[in-house]
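Generate coordinates for the entire structure from the input sequences, incorporating the hints supplied.
Chains as they are written, first to last, in this note's numbering: chain F, 103 to 316; chain C, 58 to 208.
Since the hints were derived computationally from the structure, they do not count as laboratory data.
Glycine included, C-beta positions come from ideal geometry on N, C-alpha and C.
Please note that the accuracy of each hint is not assured.
As the list claims (entries may be wrong) - Distance windows between CB atoms, simulated:
no.	chain 1	residue 1	chain 2	residue 2	range
1	F	G274	C	N88	40 to 46 Å
2	F	M172	C	R76	44 to 50 Å
3	C	E151	F	G274	34 to 40 Å
4	F	S160	C	A104	52 to 58 Å
5	F	E153	C	E198	55 to 61 Å
6	C	E151	F	E153	47 to 53 Å
7	C	I128	F	E153	31 to 37 Å
8	F	I213	C	N88	33 to 39 Å
9	C	D156	F	G239	38 to 44 Å
10	C	D158	F	I213	49 to 55 Å
11	C	E151	F	S160	49 to 55 Å
12	C	S169	F	I213	41 to 47 Å
13	F	K204	C	I103	48 to 54 Å
14	F	E273	C	A104	45 to 51 Å
Claimed, not checked - Reference excerpt, derived from the structure (chain C facing chain F, CB under 8 Å, subset only):
no.	residue
15	D175
16	F177
17	R185
18	L188
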Amino acid sequence: MSRSSTNILDRPLGRSGTRSAEGPVVSLSAFAYVYSELVQYHQGRAASISELERRLESAGYGVGLKVLEMTAYRAKETKRETRLMSILHFVSSSVWKSLFGKAADSLERSIDHTDEFMIIDYEPIASTFVSVPPDLGQLSADAYVSGIIAGVLDGAGFSARVTAHSVSVEEGEYTKQQGGNTSMPSGMPPRKDKAVFLVKFSPEVLLRDAALER
Amino acid sequence: MGFLHLFIVNKSGGLILHRPLGPNAPRIGTNEWLRIGSTFHSLHAIAAEAGPTKLPGNKNSSGADDGIEQIEGGGLVLKCLQTRTGIKFVLTAEPGTPDLDTVLREIYVLYSDCALKDPFYELEMPIRCELFTNAVDNLIERVEAGGMKSR
Chain F
103 MSRSSTNILD RPLGRSGTRS AEGPVVSLSA FAYVYSELVQ YHQGRAASIS ELERRLESAG
163 YGVGLKVLEM TAYRAKETKR ETRLMSILHF VSSSVWKSLF GKAADSLERS IDHTDEFMII
223 DYEPIASTFV SVPPDLGQLS ADAYVSGIIA GVLDGAGFSA RVTAHSVSVE EGEYTKQQGG
283 NTSMPSGMPP RKDKAVFLVK FSPEVLLRDA ALER
Chain C
58 MGFLHLFIVN KSGGLILHRP LGPNAPRIGT NEWLRIGSTF HSLHAIAAEA GPTKLPGNKN
118 SSGADDGIEQ IEGGGLVLKC LQTRTGIKFV LTAEPGTPDL DTVLREIYVL YSDCALKDPF
178 YELEMPIRCE LFTNAVDNLI ERVEAGGMKS R
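Laid out in structure tokens, this is it:
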């Protein structure tokens, strides 16, 4: 019985021998079906929209904790992040790249509240095929992804409350998509909403970051 | 050259979607639509029995039930695509409109993407997915503007 010499964490994902240029590839349809079933499962057990969102977020939380460890290990970082901006950059670039194959489209700080940050993704994959019916109003299908972000941040020691919102894209805001990556399934019109993940840190995290600043 | 209507009938004969696709499409009331849907469903099945040649098991080469595929009239062409699961996609257009088959197939692809992968859509129920209706409108616009490139 032979043991593979490489550690499981060093082996690439996906089928060996199908290394495409961008790395391992997972079928979007397969993910969409599994995610659709996950949403239906929780919808049958939740009594309200906010409970459904909480259930999806907690489903993503466990994934976030593990993704943090995996991504940090694969990036061969020798020091863990202790500053707010660096962990946010880590989430919006490394974590996004390992999960979705591209970095998040932008990271912004809220003007009104100093403890709020926004990670923006113009094509969130969890909600690619989801049409939220009008009686479910404000539900965002990307609650699962906000759970993942919350898991990553909590695991790194920055406790935060992360919520997902769909905001309609203004005209001309989205120009870099045209002619660039074709991650949209063929035949579908470009998305009208972008996903905004609002990250609200707990006060002690901000105090600690301010103390480190000095 | 214009598309008129799209309607989709589920496997028990109930209408799950009807949508006007162009400015020439005549206005048809909801009750009329339900009647059209169930009438077409029955005619589709009867046509397979009434036809001079019968396929084994009444199934055509793609595994779907045999039945009406095309109706041509004075001012209308009607094309139907039936899937293995019994869903019928029916497209009506003015005579001379090109690429009806490809458009029908594309609509089937859009249905399997936007409706079947939507967690809030119940099978065989009327389609209320915004993504699907937007994608169909977008497809018709693209075809009318530029014509269908062969895939």
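Cross-check of the supplied hints:
1. At roughly 44 Å, the beta-carbon separation of F:G274 and C:N88 lies within the given 40 to 46 Å, and the hint holds.
2. Checked against the given bound of 44 to 50 Å, the beta carbons of F:M172 and C:R76, roughly 45 Å apart, stay inside it.
3. Between C:E151 and F:G274 the C-beta distance comes to about 36 Å, which sits within the given range of 34 to 40 Å.
4. Range check, F:S160 to C:A104: about 53 Å between beta-carbon atoms, so the 52 to 58 Å window is met.
5. Between F:E153 and C:E198 the beta carbons are some 40 Å apart, a value that contradicts the proposed interval 55 to 61 Å.
6. In this structure, C:E151 and F:E153 meet the distance hint of 47 to 53 Å, their C-beta atoms being roughly 51 Å apart.
7. Distance hint check: the CB atoms of C:I128 and F:E153 are about 50 Å apart, inconsistent with the given range 31 to 37 Å.
8. Separated by about 54 Å at the C-beta atoms, F:I213 and C:N88 break the suggested range of 33 to 39 Å.
9. The given range of 38 to 44 Å is respected by C:D156 and F:G239, whose C-beta atoms sit roughly 39 Å from each other.
10. Checked against the given bound of 49 to 55 Å, the beta carbons of C:D158 and F:I213, roughly 54 Å apart, stay inside it.
11. At roughly 54 Å, the beta-carbon separation of C:E151 and F:S160 lies within the given 49 to 55 Å, and the hint holds.
12. With their beta carbons about 43 Å apart, C:S169 and F:I213 fall inside the hinted range of 41 to 47 Å.
13. Under the hint 48 to 54 Å, the C-beta atoms of F:K204 and C:I103, about 53 Å apart, fit the expected range.
14. A beta carbon spacing of about 49 Å between F:E273 and C:A104 agrees with the range 45 to 51 Å that was offered as a hint.
15. Against a cut-off of 8 Å between C-beta atoms, the interface hint on C:D175 holds, since the closest Cβ of chain F lies about 5 Å away.
16. Because the closest C-beta pair between C:F177 and chain F is about 5 Å apart, less than 8 Å, the hint holds.
17. Because the closest C-beta pair between C:R185 and chain F is about 6 Å apart, less than 8 Å, the hint holds.
18. The restraint placing C:L188 at the interface with chain F holds, with a minimum CB-CB distance near 4 Å, inside the 8 Å limit.
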